Structures are given as C-alpha cells and as structure tokens.
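A.B. asks: Chain by chain, the residues:
Number of protein chains: 2
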Amino acid sequence: MVKDFKKIKPPKSINSVTIIGKNGNVSWHLQNALSSLSISHTIISSKEALKRIELNSNLIIIAVADSAVEKVAKKIKSKNSILVHTSGSLDMNILKSYAENYGVIYPLQTLSKEKQIKFSDTPLCIEGSSDETSKSLMKFSKKLSKRVSLISSDKRLKLHLAAVFCSNFINHLIGIAKEILEKEDIPAEIIYPLVIETIQKAMNNNPFEVQTGPAIREDYHIMQTHLDLLLKDEKEVYEVISSKIINRKRTKMKNTKK
Amino acid sequence: MVKDFKKIKPPKSINSVTIIGKNGNVSWHLQNALSSLSISHTIISSKEALKRIELNSNLIIIAVADSAVEKVAKKIKSKNSILVHTSGSLDMNILKSYAENYGVIYPLQTLSKEKQIKFSDTPLCIEGSSDETSKSLMKFSKKLSKRVSLISSDKRLKLHLAAVFCSNFINHLIGIAKEILEKEDIPAEIIYPLVIETIQKAMNNNPFEVQTGPAIREDYHIMQTHLDLLLKDEKEVYEVISSKIINRKRTKMKNTKK
Chain A
1 MVKDFKKIKP PKSINSVTII GKNGNVSWHL QNALSSLSIS HTIISSKEAL KRIELNSNLI
61 IIAVADSAVE KVAKKIKSKN SILVHTSGSL DMNILKSYAE NYGVIYPLQT LSKEKQIKFS
121 DTPLCIEGSS DETSKSLMKF SKKLSKRVSL ISSDKRLKLH LAAVFCSNFI NHLIGIAKEI
181 LEKEDIPAEI IYPLVIETIQ KAMNNNPFEV QTGPAIREDY HIMQTHLDLL LKDEKEVYEV
241 ISSKIINRKR TKMKNTKK
Chain B
1 MVKDFKKIKP PKSINSVTII GKNGNVSWHL QNALSSLSIS HTIISSKEAL KRIELNSNLI
61 IIAVADSAVE KVAKKIKSKN SILVHTSGSL DMNILKSYAE NYGVIYPLQT LSKEKQIKFS
121 DTPLCIEGSS DETSKSLMKF SKKLSKRVSL ISSDKRLKLH LAAVFCSNFI NHLIGIAKEI
181 LEKEDIPAEI IYPLVIETIQ KAMNNNPFEV QTGPAIREDY HIMQTHLDLL LKDEKEVYEV
241 ISSKIINRKR TKMKNTKK
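Order-wise, the sequence lines are chains A and B. Reminder that position 128 of the first sequence reads as 128 in the numbering used here, one-by-one numbering, no gaps. Reminder that position 128 of the second sequence reads as 128 in the numbering used here, one-by-one numbering, no gaps.
For the record, the hints were derived by calculation from the structure and aren't laboratory data. Since the structure is predicted, the reported quantities are computational estimates derived from the model, not experimental observations. Treat the hints with care, as some may be off.
The list treats identical chains as one, so a pair stands whether inside a single copy or across any two.
[Said to hold, decoys possible] Distance condition first, Cα-Cα at most 25 angstroms in a straight line; then the derived SDA-like pairs of lysine to any residue:
id: 1; residue 1: 235; residue 2: 250
id: 2; residue 1: 183; residue 2: 232
id: 3; residue 1: 12; residue 2: 114
id: 4; residue 1: 118; residue 2: 189
id: 5; residue 1: 158; residue 2: 211
All chains, full assembly: derive it from the sequences and hints.
C.D. replies: Here it is as structure tokens:
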C-alpha cells in the first residue's frame, strides 16, 4: 500500500461558495439561502464558466441543466474546492475526471424562481467522493437545511423517479381537475380540503390499502359516464390509471387467495 | 295556472335525521358529525330499509352504495321528510318518484371509517328539489360544515370527476412513489415536503404553467432511464402522463405562435 501524499484533501469547513448558473431555479434558491445565512458566495453564468476559469472557493456548485453539467465541469480549474452538481438523476461520477474532491447536493423540492420557500425545510440529498468530502458537504448542508441525508447516486436516481410521480405527475392531475372545474365556473378552492386530506392519508397509510373511487369499486357505469365527459388526452389518463388501480386490486386478491 | 294546495312543504327546520346505511364511510362520518352536534338521529341498515319502512324524521339520508340508492328509495314511506342521497355522481332526480321533497348532500372529501376528520371543514355540495327544500338543506348543512355550496346535479358530476383526478388518482401516484422508495429502504417521509409544496403551488397557480420535470423539458434521456427502472404497469402510467405533459406544452406553443 502506497500512501498518496499528493492527494488533496477537501476543505473541512466551507466558508466560500461559487454557484455556476445564473438563471436556474436551483441557483436562485441557493443564492437566497446563502445570502440569508451570510455565507460568502459569488455567482457566475455558465457562459462565463465555459471560458475556462480558475476558482478558489471552498465549494463550487454547478447549478445548470443536466445536459450542460459535464461541459461546464470540464472548464473549471480548481485545486482546493469541492465540485458538486445539484441534479437528481446524474451520477456523481460524471464529475470524477474534473476534480479531486466532488459530490452532489440535490434539493428534493419543486423550486420555482420568485417563489420563496422555507429552504431550511427542503430535504437535501448529499453524496461525496470520499468520507471526508461527504463530511464537509454534510456540515455545510446542515447550515442550509434541517433535513440532510446521505444518499448514493443509485438511490438518488430512484428518489428522483419517485419525485416525478408524486410531484410532476400530481401537478398535471391537479391541472386537469382545475380545468374541469373552470369550465363549470366552480371555484377551484372547493377541492383543496380533499387534496390535502388525500395526501395526508396517503402518507400516513399504505395508499393502495386506502384507495377509494370508482376504479377500486369497479363501478364501470360511473367510469363510463366520466369517460364520456373527457377529451381524448384526459380520457387516456383516466383509463390508464383506473386500469392500474383495478390491476393492483386483482393481483392483491389473487395473492390473498393463494 | 292551478295552484297545488296538496303540495307538501318540506320541513323548514331539520331536527331529526334518519341515516340509511350502517357500514358505509359517509354514514360513519355523518353519525359522528350529528352526534357531536347533538342532533337527534337514528341509523338503520339498508337491509332493514328494504323491508319497506315508514319514517317520520325531517330528513332521511340514504348513505349507501350508488347502485343501491334507488332500490332503497323505493321502499321508503314518508310524507313529511326530505329524502336525500350523498352520491357525487347520481342525479338528484333519481329520487323524484319516491318523495315530494328530495335532494342531495354530497360531502366532497375522501372519507374512511375510523379516520376522524374535521367534518366542519368538509365541503358539502347540496341540491334541493325546490327552493324551499334547498333552503332547509342549506340551513341544516351549515350546522355540519362551514363550507356549504349549492351545486346542481350536472356540476356535481363534473366535481366528482375532478375529484377522481385530484384524489383517487393522486393517491395511486403516491402509492407508486412510496413503493419505489420502499424498495430502496428510503423512508417515505423524505418526499413529504415535496408533495405538500407541489399541491400548494398547483393550487395557487395554473398548474400547467408551473409544470416542472423531465417531460416538460423533453429530456428524453432521463425519461428513458426512468422507464428502464419501472415495471410494466408503472411504466405505462409514466409514459401516458409524460406524453400528455408534452402534448399540452406543444399545443400551447402552437397557439402562442398563431
């Protein structure tokens, strides 16, 4: 075993941050969080970063579109920084060739610019290229949020997949529901208590065991009435999810009988 | 115009209630709500009701499965009661032949037995066969809940359809998300802040305008990565909703160009 004396250790304490990416949602929220904590930080656009720049901050956060992360990483010259990206689905090792110490800080939240959130409640999923890097990222991230978890790239990808179902897709379903109500001049607020109770119940139980509605009852009459009221695209969404609800119920019944 | 002197007026004030249906979720919650308000009520099973009974309470609430409502209504003998059902999708007029004064009290909430909710926050959609009946039902319902709306059968059906999307289907999506996390031993609580923020954002905005995720970005690379991780049924749900998110975006872009 040869000890690598040249190996550069990551900074133990992160006191200066560079965010690459000026226009993204994650960048906007990180800037706010760092400002409110008075952590010294600079922001540079990905355009500037692509001119090959030298950076000296303890932490460099690449907060750009997934497809641009590697392009930007390639152009950064830095010896003593930890280099991280903020993507839910990119492997940490995409940064391997571009820094000695690297990692991920993935905020598991739906972030929109100009829409303030309590960043301290945002779950941050972190990963580091070494135990020391993870430790530094953990210490830093805990200043930003009280919900920090060490999550591997593999698990983070699954987490991101789960987030697509329970955030991006839920948003689309609420869009359809609100559109149906709007056409009838029914104020959307009327469904809000239902939506809140639905997610509370789903979070506190096994959702498949508390499933309600026409599909789980196999009430084909009312399902047909509903389908007749929908346009093509919404009809397909209705049909597919209903059939999956029925499938699960039948599979469960079959397994119970065995 | 001949004035109908024989027409029986509905009770102005509802002081006694009969609930038909002993085992349903709606029945369970109504019983609780009436008890806590000390409103006199009796509960009879649909089996008893089918023996043809005479009832004298001011209000008879048929809280049984949609498919059994008419069967039960047929067997009730009552002159001075208002007869209502509690269904989201049945027309009020299903009761027309069985009572002089009839209507609907539809609680727009996901109700499970044994799971207490604040009934006073539950939106109640009411409809009456005459202005006087509506007025009586309105007065009564306002004792039960602070969210009472007069909604016609047509609109109620659409409301129920919207509820399927933003309750039954959302529940199924959270089920899929939690299952993905469970397989990875990731505690489901990690997605809770995301889900809460998602629905708050969707309620306070046009959801189609705040849509995020791989589909709206048309990031086919990550969508394929996700699809490869899913089983057949979840894959179909992923594909359909993603394609609808993309469709909407393209339609909107086309319309903006025009």
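A.B. asks: Run every hint past the structure and note whether it holds.
C.D. replies: Here is what the structure says about each hint:
no., hint, result
1, 235 / 250, "both (22 angstroms within a copy, 19 angstroms between copies)"
2, 183 / 232, "within (16 angstroms within a copy, 34 angstroms between copies)"
3, 12 / 114, "neither (33 angstroms within a copy, 52 angstroms between copies)"
4, 118 / 189, "both (23 angstroms within a copy, 17 angstroms between copies)"
5, 158 / 211, "both (24 angstroms within a copy, 20 angstroms between copies)"
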